[in-house]
Amino acid sequence: MSVGYQVLNDAGGILLDANYPNLALIAKGTVNIGTNTYAGGWYGQLNVPDTGPSMVFIRSPGFAAVLGVDAGVIQYYLGKGSTSFDYWVFGPPQDVGARFGMQVFTDDARLAFDAAQRYLRVIGSINTNTGLIFPDQGGVGPVQSFALPGGTPAVCFVDPGFQYQVLTGDGVWGGFTFRTVAQCAMRISGQSLDIALVQNVGSLDLPGNVRVNTRGGGAPISVILADVSGF
Numbered sequence: 001m002s003v004g005y006q007v008l009n010d011a012g013g014i015l016l017d018a019n020y021p022n023l024a025l026i027a028k029g030t031v032n033i034g035t036n037t038y039a040g041g042w043y044g045q046l047n048v049p050d051t052g053p054s055m056v057f058i059r060s061p062g063f064a065a066v067l068g069v070d071a072g073v074i075q076y077y078l079g080k081g082s083t084s085f086d087y088w089v090f091g092p093p094q095d096v097g098a099r100f101g102m103q104v105f106t107d108d109a110r111l112a113f114d115a116a117q118r119y120l121r122v123i124g125s126i127n128t129n130t131g132l133i134f135p136d137q138g139g140v141g142p143v144q145s146f147a148l149p150g151g152t153p154a155v156c157f158v159d160p161g162f163q164y165q166v167l168t169g170d171g172v173w174g175g176f177t178f179r180t181v182a183q184c185a186m187r188i189s190g191q192s193l194d195i196a197l198v199q200n201v202g203s204l205d206l207p208g209n210v211r212v213n214t215r216g217g218g219a220p221i222s223v224i225l226a227d228v229s230g231f
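Mapping to this note's numbering: the sequence shown position 120 is 120, numbers consecutive.
Just so you know, the hints here were simulated from the structure itself, not pulled from any lab data.
The structure presented is a predicted model; accordingly, all values stated were derived computationally and were not measured.
Take every hint as true, because none was put in to throw you off.
When the alpha-carbon atoms are kept at most 20 Å apart in a straight line, the in silico SDA-like pairs for lysine to any residue are as follows:
hint, residue 1, residue 2
1, Lys80, Leu67
2, Lys28, Ala116
3, Lys80, Gly141
4, Lys28, Asp70
5, Lys80, Gln137
6, Lys28, Val122
7, Lys80, Arg179
8, Lys28, Thr152
9, Lys80, Val31
10, Lys28, Gly52
11, Lys80, Thr180
12, Lys28, Met55
13, Lys80, Pro160
14, Lys28, Asn47
15, Lys28, Ser229
16, Lys80, Tyr38
17, Lys80, Ile133
18, Lys28, Gln45
19, Lys28, Asp50
20, Lys80, Pro61
21, Lys28, Cys156
22, Lys28, Ala115
23, Lys28, Ile224
24, Lys80, Val201
25, Lys80, Gly202
26, Lys28, Asp86
27, Lys28, Gly44
28, Lys80, Arg59
29, Lys28, Leu46
30, Lys80, Gln45
31, Lys80, Leu46
32, Lys80, Val143
33, Lys80, Gly62
34, Lys28, Phe231
35, Lys28, Asp95
Taking the hints into account, I'd like the entire structure generated from these sequences.
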C-alpha cells in the first residue's frame, strides 16, 4: 500500500491495514432444534447481520455442517440425532457507536478496525481431503479424526463436502440422473475433530429398474481453525 495506516508485527506480518477491513465478531449463539429423528437429518437457516463477506465457525457434539452464508443468511445441516451447535460469525466490523478507542477507516469511509470490537483469531488449518466414502446402506460413513490444538478451537469448512450417485436404468428418464445422498459434517469430541459423510435423504431405496452406476464427491479440502475462547 502506498498511503494509509498500517501496523506490522516484528516479523513483518500485517496486523492492521486501512485498505482491508479486519473480520470482527458480528454474531454468536447456539442453534438448538430440540429433536432430529429424520433419517436424512435436518436442513435449516439462521439470520445474522449482513456486514459483507463473512466466515462462520462452529463447534458441535454431533455431526453438523455450515453449507454457506449469503446476505446474512446461514444455511446449515444437522445429521440425524444431532440437535445443536454453537456458532461464531466473523465479518467486516459494524459501527457499534463506540465512543472510545481507535477506529480505522478505508479510503471509501468503510470501517476497517474498531478497538471496541473482537476479531477473528485464526490458529491453523487441517488438510481434510482424505477420500471419505459413504456406505450404500446409509447412515454415517467411516469417521476420520484429526487432533485439535488446545484451547477452544472452532471449525470453518473451506468448502462443504458431499457424496452423490449417478443413477441409470430403464426407470430413469433420459437414461441417467444424479442424486445427493450424503453431506460431509463435523463434530468435536474433546480435542478431536471428527469428519464423516452423513446420510441426508430420507431413503436410499431405488426401484428395481434403477441402479447406482457411479459415485462421487468426498470431504472438504481443508478446514480453518479459530480460537473462540473468551468469545
